[in-house]
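A.B. asks: In case you want the letters, here they are:
Protein chains: 4
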Amino acid sequence: MAQYRVLIDANDEKGLVHKISTLFYNKDLNILSNNEFVDRENNKFFMRSVVDGEIEYLDLKESLSKVLPNNVNIEVIKPQKKNIIIMVTKEMHALGDILIRHEAGELEANILCVISNYSDLKSLVSKFDIPFVTISHVGLDRVEHENKILDCLSRYKDIDYIVLAKYMRILTPGFVEQYEDKIINIHHSFLPAFIGANPYKQAFDRGVKIIGATSHFVNNNLDEGPIIAQEVIHVDHAYGWRDMQRSGRNVEKIVLSSALKLALEDRIFVYANKTVIF
Amino acid sequence: MAQYRVLIDANDEKGLVHKISTLFYNKDLNILSNNEFVDRENNKFFMRSVVDGEIEYLDLKESLSKVLPNNVNIEVIKPQKKNIIIMVTKEMHALGDILIRHEAGELEANILCVISNYSDLKSLVSKFDIPFVTISHVGLDRVEHENKILDCLSRYKDIDYIVLAKYMRILTPGFVEQYEDKIINIHHSFLPAFIGANPYKQAFDRGVKIIGATSHFVNNNLDEGPIIAQEVIHVDHAYGWRDMQRSGRNVEKIVLSSALKLALEDRIFVYANKTVIF
Amino acid sequence: MAQYRVLIDANDEKGLVHKISTLFYNKDLNILSNNEFVDRENNKFFMRSVVDGEIEYLDLKESLSKVLPNNVNIEVIKPQKKNIIIMVTKEMHALGDILIRHEAGELEANILCVISNYSDLKSLVSKFDIPFVTISHVGLDRVEHENKILDCLSRYKDIDYIVLAKYMRILTPGFVEQYEDKIINIHHSFLPAFIGANPYKQAFDRGVKIIGATSHFVNNNLDEGPIIAQEVIHVDHAYGWRDMQRSGRNVEKIVLSSALKLALEDRIFVYANKTVIF
Amino acid sequence: MAQYRVLIDANDEKGLVHKISTLFYNKDLNILSNNEFVDRENNKFFMRSVVDGEIEYLDLKESLSKVLPNNVNIEVIKPQKKNIIIMVTKEMHALGDILIRHEAGELEANILCVISNYSDLKSLVSKFDIPFVTISHVGLDRVEHENKILDCLSRYKDIDYIVLAKYMRILTPGFVEQYEDKIINIHHSFLPAFIGANPYKQAFDRGVKIIGATSHFVNNNLDEGPIIAQEVIHVDHAYGWRDMQRSGRNVEKIVLSSALKLALEDRIFVYANKTVIF
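Residue numbers (the numbering used here), protein chains in the order written: chain H, 164 to 441; chain P, 164 to 441; chain W, 164 to 441; chain A, 164 to 441.
Just chain H, same shape as in the assembly (with noise of 0.2 angstroms):
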């Protein structure tokens, strides 16, 4: 027995469902869930099934592909364990989070590698046994650095996610590019309040009662990226920037470690710089 997640976008049109289920039941599959939504605004369809059975990945692909308009986009997915590659800075709560749960055998993920520009987290990455690889940006302009990394991250094939667990440092176009609707950051306002740099110090100037943390897609426009996740907490006057910074984490960590969840268990669609999560 196989068991397969389907994932299925398409312009909506009438007896998608039927197709899709009709498919199914003549393959002798079994759903074992099923999430759709109709974007009316737009005319999207999308689709999310679990099903498993006696079918071959190449068939059910196929047969999906034969009975369905060829403008639809269809995914076959085995579930199985995604690599990723986690950037970094300095700050350790985020990244120490996934580690945690790593460890504990929480994620569908292997970690290839944790890359950062500075040093300071590689006593904490190696007893894990990960690899950590410290790549400066001293002395180099932003594309030196990040044709350094990306040297590093050829090195592995297959990379599923690039998770930005509190790295510093904005990402060119050239660089995004590559890894389109693949690098997941947090960042640590709730967008799309205080965007760019020191959230918190915004925050704090403005004199809000809560704040929050936002997990998104990174694309070319700093913090603008489509949103997977977000959560908040309360504050009050009592609470310096730092303050906010310290109880942020708690957030920033969970939401982020929630992102990459969803992103693992294939339940994130991207459109119109938004997502649709089953």
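Careful: at least some of the hints might be erroneous.
The list treats identical chains as one, so a pair stands whether inside a single copy or across any two.
Claimed, not checked - Computed cross-link-like contacts, DSS-like style, restricted to lysine-lysine with a CA-CA straight-line distance of at most 25 angstroms:
1) 177 - 190
2) 364 - 424
3) 437 - 190
4) 320 - 437
In case anyone wonders, no lab produced these hints; they're calculated from the structure.
Got chain H sorted already, so can you dock chains P, W and A onto it with the hints?
C.D. replies: Then chains P, W and A, alone, in the frame of chain H:
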């Protein structure tokens, strides 16, 4: 063009989605939204679809019965205002919230009347030109009192829901049986904590840091019916139990109104003393 | 026995608490509650005490002035109902919530009148025997319209707060200056995100997973005044912007009523475009 | 310059704040922060001040005793790392969160050792160069097992707190008495709901829409000790009990770490089986 909400629950078996979606396709129905859930532990299938098309109510209902196995529950519902009765005692907040929503046209409901064992809220209800009936319990035993209420209810046919908006008396099994899964209560605690009288006092005495409210269908075990919605707020040592009660009112009214909205939109399945909510 | 709320703010210096508490002690006053905060960055001291005892208002006020440095702000307030004006446009939920609380005796306030640029809500307000004044903006420029409102306000002396319960027009600096830190607004977004018109549409377009509402004092920068209270709710891809708007109403009304309650209980200090709230 | 945390609790009487603040003033101490609370029902006064100045510990302690009534509890604490012992069974998340915070320098604590009745977590703890002691309960009765643990604990003097980071055995009264208000537990439910074993299964069976976690001091009634912190998350019908357990872990670890932080910063008063937290 008619719009229908189709609610189906059944023992799970292969082909249900296929059969239903094929019927929708053949009848040329447009699926506006579609939710499914399979409880694998109990092998139960739930589906709620909103469809529109050129079809008569009876034709759709009958066609579904024909293609589906015998033991499947099928409900086809035309979206329209439901008839509700509200029962209260003396507190104004939950009732007031429903009255304002009703006045604002937010509720898919006609309020047939408000029944109370006291006349305190008559003045408020009368402002909205809604009948208010005082049925005092003084000098009556529980069954005698309820018989008077049942008399009053019998004047209305087609009562879809009875909403207990802080009705502070326990209903007898005889009463509850006549309105199975039709009586919606708000309990002023985060069930199953603090069952019974004065939950805020109980919560205060226990020194909790969070209080809440629970809306549930009423069955014959006190505060044990299927839960529809819950919400909480944080409190601290500075809250006396009356402060908790005061703050709790915000949660109570929002939770009750949310649960009522779910019911009016036919989004709730009840089974195994739980709810499935789409 | 008289009860007073004593609000003191000053540049921080040693001995303030000592001087104040010694005075309370010498005057044989009972401290019912006491809150202090020092903003170390700005070297500002804030204190709110509730005291009771056998003392005249003037005696307490004068005695405090004598023991404290010259530049200290001292407010001594007898708890009593405050006078408020509510301004609305067409939406009912925020106004309705205040009216119900007022009717339930929950608010320490007299509602002097409700002013609107439309007459839609007149029917609701009239039910509660509260004056409703329609001051249409049609055919008037902004200042002409506001002058008519100011005329209306001038009929009431001692207006403590003006509550903008979804008043959808921007007030001019001339208007705002006359009621500094006295106008409480509800903005239907989690400020500072989505400043300006139709924030739910903006939130929807950005694909956020959380929406919120912010109550703040109005100053002369649009949606930039000192924040009093904020709250949020989770949304997902299935929410169109009208769904967000509908769900957001629950948050809006609760946040505005909470902020109003804080103001009526004299719990808010405003400084540096922020609030300290006890 | 020395900094001290001054914690005072007493039966409330007039003049306490006056006496304390006058002493601080006379000793030329700077009040960095100050919190007070009076429980009017029980007539209890609580105060936590952080002060700095040129003063010796003994002088401050003694001076306070002299000016205050006899039955007042006075604690003067120099901020410094506290000594903690962590007890675990097999689950990694709560322990891992503390280890990462410790490694990041976020905790005001030395972890003296980790004790477990299983050796599963030895590998993790060893990475951080922290002693791990396995004390199996197999073949021992409860008291014999605890005596072995007490033996181990006796090797460390000055244990400030024992943290039960998912230690899944019930401690006997004999054990608990020796560490009154010093054992911090995380219970994986929103107490007082679901006391005892497998609360997630209980929550699932009850069909709740919110689950939570509670950190509390341990006393001799199972899950009945004074509550320090609680937090919740929303769930729905699609969550099996293992899903609840998985999601609950995020809440458990954050709540336990938050409670520990409050304890390490001397922010908690315990009385009447409750906590006052500043």
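A.B. asks: Look at each hint and say if it fits the structure.
C.D. replies: Tested hints:
1. 177 - 190: both (22 angstroms within a copy, 11 angstroms between copies)
2. 364 - 424: between (29 angstroms within a copy, 23 angstroms between copies)
3. 437 - 190: neither (33 angstroms within a copy, 33 angstroms between copies)
4. 320 - 437: Neither way: residue 320 and residue 437 sit 28 angstroms apart in one copy and 47 angstroms across, limit 25 angstroms.
When each numbered hint is compared with the structure, violations occur for hints 3 and 4.
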